[in-house]
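Peer 1: With the sequences and hints as input, model every part of the structure.
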Amino acid sequence: AQSVTQPDIHITVSEGASLELRCNYSYGATPYLFWYVQSPGQGLQLLLKYFSGDTLVQGIKGFEAEFKRSQSSFNLRKPSVHWSDAAEYFCAATWDGNKLVFGAGTILRVKS
Amino acid sequence: DAGVIQSPRHEVTEMGQEVTLRCKPISGHNSLFWYRQTMMRGLELLIYFNNNVPIDDSGMPEDRFSAKMPNASFSTLKIQPSEPRDSAVYFCASSLGDTDTQYFGPGTRLTVL
Numbered sequence: 010a011q012s013v014t015q016p017d018i019h020i021t022v023s024e025g026a027s028l029e030l031r032c033n034y035s036y037g038a039t040p041y042l043f044w045y046v047q048s049p050g051q052g053l054q055l056l057l058k059y060f061s062g063d064t065l066v067q068g069i070k071g072f073e074a075e076f077k078r079s080q081s082s083f084n085l086r087k088p089s090v091h092w093s094d095a096a097e098y099f100c101a102a103t104w105d106g107n108k109l110v111f112g113a114g115t116i117l118r119v120k121s
Numbered sequence: 021d022a023g024v025i026q027s028p029r030h031e032v033t034e035m036g037q038e039v040t041l042r043c044k045p046i047s048g049h050n051s052l053f054w055y056r057q058t059m060m061r062g063l064e065l066l067i068y069f070n071n072n073v074p075i076d077d078s079g080m081p082e083d084r085f086s087a088k089m090p091n092a093s094f095s096t097l098k099i100q101p102s103e104p105r106d107s108a109v110y111f112c113a114s115s116l117g118d119t120d121t122q123y124f125g126p127g128t129r130l131t132v133l
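Just so you know, the sequences run in chain order V and H. In case it helps, our numbering puts the first sequence at residues 10 to 121. In case it helps, our numbering puts the second sequence at residues 21 to 133.
Any given hint could be a false lead.
Said to hold, decoys possible - Simulated pairs of lysine-lysine, DSS-like, Cα-Cα distance not exceeding 30 Å: (1) V:Lys108 with V:Lys58; (2) V:Lys70 with V:Lys120; (3) V:Lys108 with V:Lys120; (4) H:Lys98 with H:Lys88; (5) V:Lys70 with V:Lys108; (6) H:Lys44 with H:Lys98; (7) V:Lys77 with V:Lys58; (8) V:Lys120 with V:Lys58; (9) H:Lys98 with V:Lys108; (10) V:Lys108 with H:Lys88; (11) H:Lys98 with V:Lys70; (12) H:Lys44 with V:Lys70; (13) H:Lys98 with V:Lys77; (14) H:Lys44 with H:Lys88; (15) V:Lys77 with V:Lys108.
Unchecked claim - Residues on chain V that point at chain H, a partial pick, calculated with CB under 10 Å: (16) Phe72; (17) Asp105; (18) Gly112; (19) Ala113.
Hints were generated in silico from the structure; no laboratory data involved. Quick reminder that beta carbons are idealized off the backbone N, C-alpha and C, glycines included.
Peer 2: In C-alpha cells, the structure reads:
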C-alpha cells in the first residue's frame with residue numbers, strides 16, 4: 010500500500026540551530042510531495058511542494074526540501090530555526106493527484 | 021480571499037445525536053476533500069468531490085457517515101448516530117483540481133460524549 014513515513018515523532022532543537030525533518034514514501038511511481046505545518050488548534054498550512062523538475066524546492070518561512078528519488082525521500086530543512094517554528098509538521102504524498110496520504114507527523118520543539 | 025471556511029469550530033454532542041459539519045470551499049475551486057484527524061490514525065481522507073460529484077468515498081468509516089455537496093460553494097458531512105469514537109478534528113480542504121495544492125480549513129473539533 011502507498012504510505013508516507015515520518016520516522017521522528019518528536020524533535021527538539023535550539024533556537025538558531027539547523028533543522029532537518031525526515032520523510033520517506035513507499036516505492037513505486039514518484040508521487041507529488043508536500044510539506045504542511047499545523048500550529049495548535051489550527052488547520053494545515055502548505056510550506057512547499059514538489060511535482061517535478063528541480064529537486065531542491067523552496068517554500069515559505071525559509072524552509073526548503075530536497076527530493077531524492079534513490080532514497081524515496083523528501084526531507085524538510087531550515088538553516089536556522091526560530092521559536093515561532095514550533096509546531097507539528099506533516100509530509101504528504103499523492104499518487105493520483107487527489108488522494109493525499111499523510112505521514113504521522115513530527116512535533117518540533119524549539120529550545121530558547 | 022477568505023480561505024476554506026468550516027463551521028462550527030467546536031461541537032460537543034451526546035452519543036446517538038446527529039452531527040452536521042459544514043464547509044465552504046475557496047471560490048473557484050472545483051475539488052473538495054473531507055479529512056479526519058485522530059491521535060490513533062492521524063490524518064485520513066474520508067471522501068472527495070470533483071465538480072460537486074463524489075469521486076471516492078472509500079475512506080468513509082461506515083454507513084453512519086454521509087457527505088453531500090449540493091453546489092460548488094457548500095458541503096456537509098453528517099454523522100448519524102454519533103458515537104464517542106467519532107471524536108476527532110474534521111478538516112475540509114479544496115483545490116482547483118487534479119494535482120493542484122489542497123488548501124485546508126481550520127477544522128471542526130468534534131467531541132461525542
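Peer 1: Taking the hints in turn, state whether each one holds.
Peer 2: For each hint, the structure was consulted:
no.	hint	result
1	V:Lys108 with V:Lys58	holds (15 Å)
2	V:Lys70 with V:Lys120	holds (18 Å)
3	V:Lys108 with V:Lys120	violated (36 Å)
4	H:Lys98 with H:Lys88	holds (8 Å)
5	V:Lys70 with V:Lys108	holds (26 Å)
6	H:Lys44 with H:Lys98	holds (15 Å)
7	V:Lys77 with V:Lys58	holds (14 Å)
8	V:Lys120 with V:Lys58	holds (28 Å)
9	H:Lys98 with V:Lys108	holds (21 Å)
10	V:Lys108 with H:Lys88	holds (18 Å)
11	H:Lys98 with V:Lys70	violated (36 Å)
12	H:Lys44 with V:Lys70	holds (27 Å)
13	H:Lys98 with V:Lys77	violated (41 Å)
14	H:Lys44 with H:Lys88	holds (12 Å)
15	V:Lys77 with V:Lys108	holds (22 Å)
16	Phe72	violated (15 Å)
17	Asp105	holds (8 Å)
18	Gly112	holds (8 Å)
19	Ala113	holds (5 Å)
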